[in-house]
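Asks: The residues making up each chain are set out below.
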Amino acid sequence: MKVFLIGAGQVGSTVVEALHHDHELTVMDNEPSRLTAIAERYDVATFEGDGTSRRDLSRAGVGDASLVIACTSRDEVNLVAGMFARREAQGATTVIRTSNVEYVELWRGGQLDVDFVVSSELETAHAISRIIGVPAARQTDVFADGQVQIVEFDVEEGASQDVTGVPLRDARIPGDSKIAAIIRTPETTLPGGDDVINAGDRIVVIGSPQAAKAWSSLLWPESGIVRDVVVFGAGRVGSAIARVLLDQGIGVRMIEASSEQARRAAEAFPKARVFNSTGIDPDFLERERIGQAQAGIFAMRDDAKNQYAASLAKVHGIPFTIAIAHEAVSVAAFEQAGIDVSVNPRGVTAEEIVRFAHDPRTKQVAMLEGNRYEVLDVTTRDSSRYIGTQFRDMPVHGALIGAIVRNGTAIFPHGDDVLQVGDRVIVFTEAANVPWVVEAL
Amino acid sequence: MTQAVGHRIGPRRRLAIDVFATVNLVGTLVKYLGLGALFPVAVALWYGEPIWPFVAAGAITCGFGFALERATAGGAARVGVREGFLVVSATWLLAAGFASLPYLFAGGNQLGHPVDAYFEGMSGFTTTGASVVTDYDALSRSIDLWRAFTQWLGGMGIIVLAIAVLPRLRVGGRQLMESELPGPEVAQLAERIRSTARLLWMLYVGLTALETLSLASLGWLGVDDKMTPFEALSHAFTTMPTGGFSTQANSIEAFSAAAQWIIVVFMILAGANFALMYRGFVRRRPKVFLRDEEFRLYLALAFVASLVLTAQVWGYGIAEGEAAVRSGVFQTVSIMTTTGYASADFAVWPALALLSLFALMFVGGSAGSTGGSIKVVRHLLLGKVLRRELDQTVSPEVVMPVRLNGAPVDERTLRAIASFTLLYVGIWAVGAAVLAIDSALSGVDLGTLDALGTSATALGNVGPGFGITGPMGSFAPLGDVSKITLIGLMWAGRLEIVPVVVLLTRHYWRL
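These protein sequence lines are chains S and H, in that order. Sequential numbering from 1 applies to the first sequence in our numbering. Sequential numbering from 1 applies to the second sequence in our numbering.
Keep in mind the hints are simulated off the structure, nothing from the lab. One thing to keep in mind: the hints can contain errors.
What the hints assert, rightly or not - In silico lysine to any residue, SDA-like type, Cα no more than 25 Å apart, as pairs:
1) 271(S) - 388(H)
2) 271(S) - 288(H)
3) 178(S) - 403(H)
4) 213(S) - 419(H)
5) 314(S) - 290(H)
6) 384(H) - 386(S)
7) 271(S) - 304(S)
8) 384(H) - 398(H)
9) 178(S) - 337(S)
10) 213(S) - 236(S)
11) 384(H) - 251(S)
12) 305(S) - 10(S)
13) 2(S) - 31(S)
14) 213(S) - 260(S)
15) 271(S) - 290(H)
16) 384(H) - 398(S)
17) 271(S) - 384(H)
18) 384(H) - 314(S)
19) 2(S) - 91(S)
20) 314(S) - 408(H)
21) 213(S) - 190(S)
22) 213(S) - 411(H)
23) 271(S) - 265(H)
24) 384(H) - 290(H)
25) 287(H) - 270(S)
26) 384(H) - 270(S)
27) 384(H) - 10(S)
28) 305(S) - 398(H)
29) 305(S) - 396(H)
30) 178(S) - 314(S)
31) 271(S) - 411(H)
32) 287(H) - 265(H)
33) 213(S) - 235(S)
34) 305(S) - 280(S)
35) 271(S) - 401(H)
Values in this document were obtained by computation on a predicted structure and should not be read as measured data.
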């Protein structure tokens, strides 16, 4: 597929990295240095130009593309580029990135003439809300309108003996769920009945949302349902997170250093309790019993501040910390510092955008462990050789079917279930195997 | 090369306001206000009473306004926010003067004295309802109706009326209206301030007509023989503006229970926000009443206070059954909305009942109503501010916007409300002190509670006070100093203090 990408910043380069293998990419940006950096690493065409100029877009060949992605950091550029791309490339799918939730609402209401709108803030907020729902998770994603959830857990000491230390065929695994992988660095096992989960492993589970919660309490027995969250930072990301959590009935306290932003947040969220404080003032943390909160989310603008505030919050007693890593490199640093979960908004956004580049049969993907593994949502073809095959007879090399969606309902298949035409298959696989897995189905 | 610019710099200007433009606009307003005399002229002709006092009053007022306008003509007639305060304050002083002219000419012993006439005029336009009249039967019908009519004009506001009809106020009307309409801010009903003013006045006229018909029908049906069309109009004219002037010495006590209940209903309406009523009644969206926090509190306060007062009246055996309930409800609504009618001589009620009424004098109607005093919405917001203060004492960093009907209220507005309330209480206290001192010096029998109550009733534009100024009494025995003080209190109270008090600050006048 020909993909035309406007914007070679962090989101853009993540998208390029994910797509350059399988697609023909043209990357456009007005900053030559960024284009050079991309051209040096990937085999893609680059074009220096302005995304808001129809002439530039036309000269760069946007008309030939079947997917146009506008993912600069500026909403206006993305909107204008998306609009021109509509005219230049009639049949193409257009995807634009925005940081303004209002545009997402406009798009949902059919008021924006683009196919998809992806908001970093909203994607980040949803990612965090999924993590809050499954507190033991390192990472989670949902498919099939929320019916299927994929969760990555770290198995720690103290996890229930029902699932750890025993061969999987004897383990009491929560119903409607499947272990897709046991990641024991450096190798990864697609597990069979003889395999054993041990403390220190990292596992990937595919299952219903209820099953995901059950796994969470098995692996992290002391964690309950999260009801009290403190969000540090009431900027765009922090506010989007607060809105999503409040909508789920979770109690939110917000801490914001700028009095102006704190006032705006307090006006926007009558249900949240907003404090005007830096979040690193020990007296304040003590007085407001911030340490009593079940989880802290660090969504300030500066990664270093997020890391320090998260560490300080841990000292004050917050058991579970989630930090926003604006720079990709901070994810590793946060992990070193003992932060439980890091979310990189640009990474999340890129992941969302990449979903649109897949075969039309392929609905959605999630990327795990950087980009090593992918989860695909593939609709089976009539000609697939596995139609009519029982699941116990499916080959077990390099890919695992976690769930199927039949007539809109998720089924977690057992060994004697049979794959049918038109089933959507949620499949976990290594990134390198994606082409043949899609081919086989 | 620098050019000499000295010749371009004019002489030093000392005044911070444009006096010419201000006087010019006041002249225009007064000129048209004089036309108001046409109504009592018609009444006097109808009843065969002398028309000359009203013709003279109208002619003098129109002439004076015209003279002011001509004397200051030709200037750049730009009236800004600054001038607005002076325009409103001065217009109201002159309006009271206009109202007092017929009393001067035809008031005889009761109203003929200049201070008395001016007192009655100010009490009329400010919709206070305090009166120096002692012998109501001696007043002619045209004077009776003139008293009522001045209250009716003052209720929705003479400047709001002027904005509605005078093309000259198309620009700059908003600030003037804000100075005159009660409450922290003016609700916009239409894009143009002029249309808003018209809609408010139309609703006001409509409700007055409805009340007149309701009351008059009692007379026609034979339920209440005393309620003639004349009485119905006189009392509708003083209910809707929450005025309280009556043609009767014993106020509403003179009429039947049915008339009293009808008046209760219209007093409640008069004390509600007119913009809200417009949306609820005219635009047919009754849910706005339920959603409005101020309206809910207004009704709740009226209900609780009615219960307290009824219990007192019944418990002390002053009245029983329906009569007790009626006294309790009527007096609560009358004092709370700052109407000031009486259905019984509450001055002789027990102390707790008096204290309840005294407290109600500080409640007032809703913002955007014709009622006076502090107003329910200010109490509501002050309560919220206090609760926030308590919260912030425990958690200094917490940020809590004060909300009204869900929308955050500007901090500046909250500060203005706090300072208004402080000024209000301060001016009330000073007024009471002056009354007490003057009465002591001139040998008038005005007790401590009476002095406090009389000051509160004037500042809140309520009407009757306690003791000799009570509902069945009169303000006539007070000394001139007291009367002038009360005139000032009524004036400041009607304009919600700030437009009057800023005139006392140095930087209002001087650069």
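Asks: Does the structure keep residue 271(S) and residue 290(H) at a Cα separation of 25 Å or less?
Replies: holds (22 Å)
Asks: With the threshold set at 25 Å, check whether the alpha-carbon distance from residue 384(H) to residue 314(S) stays at or below it.
Replies: Cα-Cα ~35 Å, so violated.
Asks: Take a quick look at whether residue 305(S) and residue 398(H) sit within 25 Å of each other, Cα to Cα.
Replies: Between residue 305(S) and residue 398(H) the Cα gap is close to 21 Å, so the pair holds against 25 Å.
Asks: Between residue 305(S) and residue 10(S), is the straight-line Cα distance small enough, at 25 Å or below?
Replies: Holds, at roughly 21 Å.
Asks: Check the hint pairing residue 384(H) with residue 386(S) against an upper bound of 25 Å on the C-alpha distance.
Replies: violated (68 Å)
Asks: Taking 25 Å as the top limit, are the C-alpha atoms of residue 2(S) and residue 91(S) close enough?
Replies: Status holds; Cα separation ~12 Å.
Asks: Between the alpha carbons of residue 271(S) and residue 384(H), is the straight-line distance 25 Å or under?
Replies: Distance ~16 Å between residue 271(S) and residue 384(H) Cα, so the pair holds.
Asks: Can the restraint linking residue 213(S) and residue 419(H) be considered satisfied, given a maximum Cα separation of 25 Å?
Replies: violated (55 Å)
Asks: Between residue 213(S) and residue 190(S), does the CA-CA distance stay at or below 25 Å?
Replies: holds (22 Å)
Asks: Holds or violated: are the alpha carbons of residue 213(S) and residue 236(S) at most 25 Å from each other?
Replies: Cα-Cα ~29 Å, so violated.
Asks: Does the alpha-carbon distance linking residue 2(S) and residue 31(S) stay inside the 25 Å limit?
Replies: This hinted pair holds, its Cα atoms lying about 22 Å apart.
Asks: Would you mind confirming whether the straight-line C-alpha gap from residue 271(S) to residue 388(H) stays at or under 25 Å?
Replies: The hint holds at about 15 Å.
Figure legend: structure checked against the earlier numbered hints; hints not met, in rising order: 3, 4, 5, 6, 7, 9, 10, 14, 16, 18, 20, 22, 23, 27, 30 and 33.
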